[in-house]
Amino acid sequence: MLLFIINRLIQAAGAVVVMSMLVFIGLYLIGDPTAMLVSPEANDLERAAVRQAFGLDQPIWMQYLTFVGNAARGDFGRSFLTGQPAMQLILERMPATIEMVVVAIGFAVLVGVPLGMLAGLRPKAASSKAVMTVSILGFSLPTFWIGLMLIMFFSVYLGLLPSSGRGSTVSVGGLSLSVLTPDGWRHLILPALTLGLAKAALIIRVTRAATREVLPMDYIKFARAKGVRPRRVVGVHLLRNILIPIVTVTGLEFGQAVAFAVVTETVFAWPGMGKLLIDSIIILDRPVVVAYLVLMVFFLIMLNLVVDILYMAIDPTAREKVRD
Amino acid sequence: MIGTNSARAQAAENLLSIKGLKTHFATRAGVVKAVDGVDIELAKGEILGLVGESGSGKSITGFSILGLIDPPGRVVSGSMTYNGKDLTALNEEGWRQLRGGDIAMIFQDPSMTLNPVLRIDAQMIEAMQAHANVNRAQAYARAREVLVMVGIPSPDERLRSYPHELSGGMRQRIAIAIALMNKPGLIIADEPTTALDVSIQGQIIHEMKKLCRQVGTALIWVTHDLAVVAGLADRIAVMYAGRIVELGTTEEIIENPRHPYTKGLIDSVPSRSTRGSRLHQIPGMTPSLLNLPQGCAFRERCAYAVAACGDEPLNTIEPDGRAYRCWNPLGGPRP
Ligand SMILES: Nc1ncnc2c1ncn2[C@@H]1O[C@H](COP(=O)(O)OP(=O)(O)O)[C@@H](O)[C@H]1O
Ligand code: SF4
Ligand SMILES: [Mg+2]
Numbered sequence: 000m001l002l003f004i005i006n007r008l009i010q011a012a013g014a015v016v017v018m019s020m021l022v023f024i025g026l027y028l029i030g031d032p033t034a035m036l037v038s039p040e041a042n043d044l045e046r047a048a049v050r051q052a053f054g055l056d057q058p059i060w061m062q063y064l065t066f067v068g069n070a071a072r073g074d075f076g077r078s079f080l081t082g083q084p085a086m087q088l089i090l091e092r093m094p095a096t097i098e099m100v101v102v103a104i105g106f107a108v109l110v111g112v113p114l115g116m117l118a119g120l121r122p123k124a125a126s127s128k129a130v131m132t133v134s135i136l137g138f139s140l141p142t143f144w145i146g147l148m149l150i151m152f153f154s155v156y157l158g159l160l161p162s163s164g165r166g167s168t169v170s171v172g173g174l175s176l177s178v179l180t181p182d183g184w185r186h187l188i189l190p191a192l193t194l195g196l197a198k199a200a201l202i203i204r205v206t207r208a209a210t211r212e213v214l215p216m217d218y219i220k221f222a223r224a225k226g227v228r229p230r231r232v233v234g235v236h237l238l239r240n241i242l243i244p245i246v247t248v249t250g251l252e253f254g255q256a257v258a259f260a261v262v263t264e265t266v267f268a269w270p271g272m273g274k275l276l277i278d279s280i281i282i283l284d285r286p287v288v289v290a291y292l293v294l295m296v297f298f299l300i301m302l303n304l305v306v307d308i309l310y311m312a313i314d315p316t317a318r319e320k321v322r323d
Numbered sequence: 000m001i002g003t004n005s006a007r008a009q010a011a012e013n014l015l016s017i018k019g020l021k022t023h024f025a026t027r028a029g030v031v032k033a034v035d036g037v038d039i040e041l042a043k044g045e046i047l048g049l050v051g052e053s054g055s056g057k058s059i060t061g062f063s064i065l066g067l068i069d070p071p072g073r074v075v076s077g078s079m080t081y082n083g084k085d086l087t088a089l090n091e092e093g094w095r096q097l098r099g100g101d102i103a104m105i106f107q108d109p110s111m112t113l114n115p116v117l118r119i120d121a122q123m124i125e126a127m128q129a130h131a132n133v134n135r136a137q138a139y140a141r142a143r144e145v146l147v148m149v150g151i152p153s154p155d156e157r158l159r160s161y162p163h164e165l166s167g168g169m170r171q172r173i174a175i176a177i178a179l180m181n182k183p184g185l186i187i188a189d190e191p192t193t194a195l196d197v198s199i200q201g202q203i204i205h206e207m208k209k210l211c212r213q214v215g216t217a218l219i220w221v222t223h224d225l226a227v228v229a230g231l232a233d234r235i236a237v238m239y240a241g242r243i244v245e246l247g248t249t250e251e252i253i254e255n256p257r258h259p260y261t262k263g264l265i266d267s268v269p270s271r272s273t274r275g276s277r278l279h280q281i282p283g284m285t286p287s288l289l290n291l292p293q294g295c296a297f298r299e300r301c302a303y304a305v306a307a308c309g310d311e312p313l314n315t316i317e318p319d320g321r322a323y324r325c326w327n328p329l330g331g332p333r334p
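Going line by line, the protein sequences match chains A and B.
Under numbering that gives the first Met the number 0, the very last position in the first sequence is 323; numbers go up by exactly one each time.
Under numbering that gives the first Met the number 0, the very last position in the second sequence is 334; numbers go up by exactly one each time.
The hints are simulated quantities; they were obtained by calculation from the structure and are not laboratory data.
Hints should not be assumed to be uniformly reliable.
Straight-line C-alpha distance at most 25 angstroms; calculated DSS-like pairs for lysine-lysine [unchecked claim]:
1) Lys18(B) with Lys43(B)
2) Lys182(B) with Lys208(B)
3) Lys182(B) with Lys43(B)
4) Lys262(B) with Lys182(B)
5) Lys182(B) with Lys220(A)
6) Lys84(B) with Lys220(A)
7) Lys123(A) with Lys220(A)
8) Lys21(B) with Lys220(A)
9) Lys84(B) with Lys21(B)
A few chain B residues that face chain A, going by a derived Cβ cut-off under 7 angstroms, partial list only [as the list claims (entries may be wrong)]:
10) Gly99
11) Met111
12) Asn114
13) Val116
Every beta carbon over 10 angstroms from chain A, so not counted as near; a handful from chain B, in silico [claimed, not checked]:
14) Arg27
15) Arg95
16) His130
17) Met148
18) Pro152
19) Glu156
20) Ile177
21) Ile253
22) Glu254
23) Pro286
24) Gly309
These numbers come from a predicted model, not from an experiment.
Ideal Cβ placement from N, Cα and C applies to all residues, glycine included.
Bound conformation, chain A alone (with noise of 0.2 angstroms):
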């Protein structure tokens, strides 16, 4: 168990080192950055007094080398833009990022698995029909797109809830978090249902499809020849088995969401850090861009290994190929 955490932790190391260099290399396709550092009346050579202060004269390996160096240190560079240092302006931004999704992340979960279990329990019948038409609808329909709808209805036309910012937050040691004051829920609740709904949208469908998959099976029926109550055979013999692919889901989508939350973000003036990257990429923040990328890569291998972990906890055969 132990081995195989490290030998995660070695693949991770090895993701991000790739994955620096194609960000770098990337970046230095795109464009130059020494515009947006300098005045646009420069001259020549004010502008080569500022490129070699950032480094940027140098050939890219040599940047890239220097870069890597830093990091090793925990120094990612400062933004162009700010000054501050890059990690520490993203790390600001990511508990609002985390807290949001976690929020429509469990949205999704408890909603969406016992809708997909009820229509995969009772395919036939008009209500799993009509989740599913719903489910459709959920993911096929535009994120951007459900969010103004939430505005125009909850903010606009019920004026219940706020459409933009975070509200009012707490600081629990050092995060700062919408989730503990009720202002902070008001800003939260619209943010995570537009984004919510999408997932439970692919949550049901893959409830379903497991659910639909595992009931005609032997140890179902056998469990029913039992005498097992419904109620268990359902909610411990069935749930224990569909749980492998809702994990999976549930695992990639909450990646994804975290990584690329910038739509949900942007229609809510949302401060997390997908805005941050999408600004950053405009004006070609190299610094952010790469520590951003940086994080996010070792983000989704952790979260990987959590899935992983969570498999061994559901699955014993699972648990089994680790040991050998």
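Since the structure of chain A is already known, use the hints to place chain B with the ligands on it.
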């Protein structure tokens, strides 16, 4: 022998009584008459072998007795009583109490019957707690006890295992132990040894017979292999295309089959005298249960067919309880 014929005449004493059971599947292609008029009388503690080729409706008969027919299947008619209780009148909770409590079932493929993500102890304890108001420790003790009964060494270790950690034979013993948990009056064993090695097959059959005789549990042993039940059953019912085509004591059926299909089954069993020579196989295949033609369903494959076979053969019941559905039985009509 338990349940000889005069005793069986008194249906009141019978544990299980099934009359005219029909279980049909409404499929897109038409109605599949998987079970089409089956009668079974079973005395307390009796062992019945239910024999027939694959697809003849044996499993569906078993599932019908437990109320485990799922759509598109449906028990369309027939009466079933167990211990005087009318099964067709049961509600869902009534069925649940019957299953695993009064009547237990063992399935064919032990690699599929146990839930792969639950430990054996959980799967055994729940079987008892579904029927008796006992705590975990009591249920665990009973689980341990039945595991010892079915000959499983170090039961505590097995109880802590997951199914994939056990061999096929071990898993099937556990399924048998689960069936015994609540001391049912009847166990329906649906080809429980078909998926196992021949040596383990023999052991399990032997132990199963011993256990049932000890406890007085009745047994319906479903198999496609007549040889398996020859040394096990008190009586044998031969099933073909959704019907029981011949019924009699094991001895009568083996020594003196009346139905040509039964004879075909006997001739296809390898024995000392036929070893080395080619086995006699019944020609042709089990007919599709969808739109069976008029008359005897075995007609196309039968070497004894006569003109009368174009009509549905009636069930001939002899005074001693021997029964067959055939217009031209072997040995001719008895005096
Ligand atoms: N779910 C189903 N839908 C349609 N037909 C079925 C279904 N289950 C069983 N049958 C039909 O019922 C017949 C009897 O099946 P079964 O009782 O399993 O046979 P066996 O004697 O091999 O146990 C088969 O011919 C099969 O085609
Ligand atoms: S009724 Fe006719 S066809 Fe059917 S088994 Fe008897 S002899 Fe053969
Ligand atoms: Mg079968």
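Okay, the hints, checked on the actual structure:
Restraint check for Lys18(B) and Lys43(B): the C-alpha separation of about 17 angstroms stays at or below 25 angstroms, so the hint holds. For the proposed pair Lys182(B) and Lys208(B), the alpha carbon gap of about 15 angstroms is at most 25 angstroms, so the pair holds. The hinted pair formed by Lys182(B) and Lys43(B) meets the criterion: a straight-line CA distance of about 13 angstroms does not exceed 25 angstroms. With a C-alpha separation of about 36 angstroms, the suggested pair Lys262(B) and Lys182(B) falls outside the 25 angstroms cut-off, and the hint is violated.
Taking the CA atoms of Lys182(B) and Lys220(A), the gap is about 20 angstroms. The hint holds against a cut of 25 angstroms. For the hint pairing Lys84(B) with Lys220(A), the CA-to-CA distance comes to about 23 angstroms; that is within 25 angstroms, so the pair holds. Of the pairs offered as hints, the one joining Lys123(A) and Lys220(A) holds, with about 20 angstroms between alpha carbons and a cut-off of 25 angstroms not exceeded. Using a Cα cut-off of 25 angstroms, the hinted pair Lys21(B) and Lys220(A) holds, with the two alpha carbons roughly 21 angstroms apart.
At roughly 19 angstroms between alpha-carbon atoms, Lys84(B) and Lys21(B) fall within 25 angstroms of each other, so this suggested pair holds. For Gly99(B), the interface hint holds, since its Cβ comes within 7 angstroms of a Cβ in chain A; the closest pair sits about 3 angstroms apart. The beta carbon of Met111(B) is positioned within 7 angstroms of a beta carbon in chain A (closest approach about 4 angstroms), and the interface hint is therefore held. With 7 angstroms as the threshold, the beta carbon of Asn114(B) comes within range of chain A, its nearest partner Cβ sitting at about 4 angstroms, so the hint holds.
With 7 angstroms as the threshold, the beta carbon of Val116(B) comes within range of chain A, its nearest partner Cβ sitting at about 5 angstroms, so the hint holds. Non-interface status of Arg27(B) relative to chain A is upheld: no Cβ of that chain comes within 10 angstroms, the nearest being about 14 angstroms off. Under the 10 angstroms C-beta cut-off, the non-interface status given to Arg95(B) relative to chain A is violated; the minimum distance is some 5 angstroms. A beta-carbon of chain A is positioned within 10 angstroms of the beta-carbon of His130(B); the least distance is around 6 angstroms.
Its beta-carbon lying about 17 angstroms from the closest one in chain A, Met148(B) satisfies the requirement of being farther than 10 angstroms from that chain. The claim that Pro152(B) lies off the interface holds: its Cβ sits roughly 22 angstroms from the closest Cβ of chain A, which is beyond the 10 angstroms cut-off. Every CB of chain A is more than 10 angstroms from the CB of Glu156(B) (nearest about 15 angstroms), matching its label as outside the interface. Listed as a non-interface residue, Ile177(B) fails to keep its Cβ farther than 10 angstroms from every Cβ of chain A; the least gap is roughly 6 angstroms.
Once the 10 angstroms rule is applied to beta carbons, Ile253(B) is consistent with being away from chain A; the minimum gap is 31 angstroms. Residue placement check: Glu254(B) keeps its beta carbon more than 10 angstroms from all beta carbons of chain A (closest about 35 angstroms). In this structure Pro286(B) is separated from chain A by more than 10 angstroms, as the shortest Cβ-Cβ distance comes to about 25 angstroms. Look at Gly309(B): its CB is around 39 angstroms from the nearest CB on chain A, clear of 10 angstroms, so calling it non-interface holds up.
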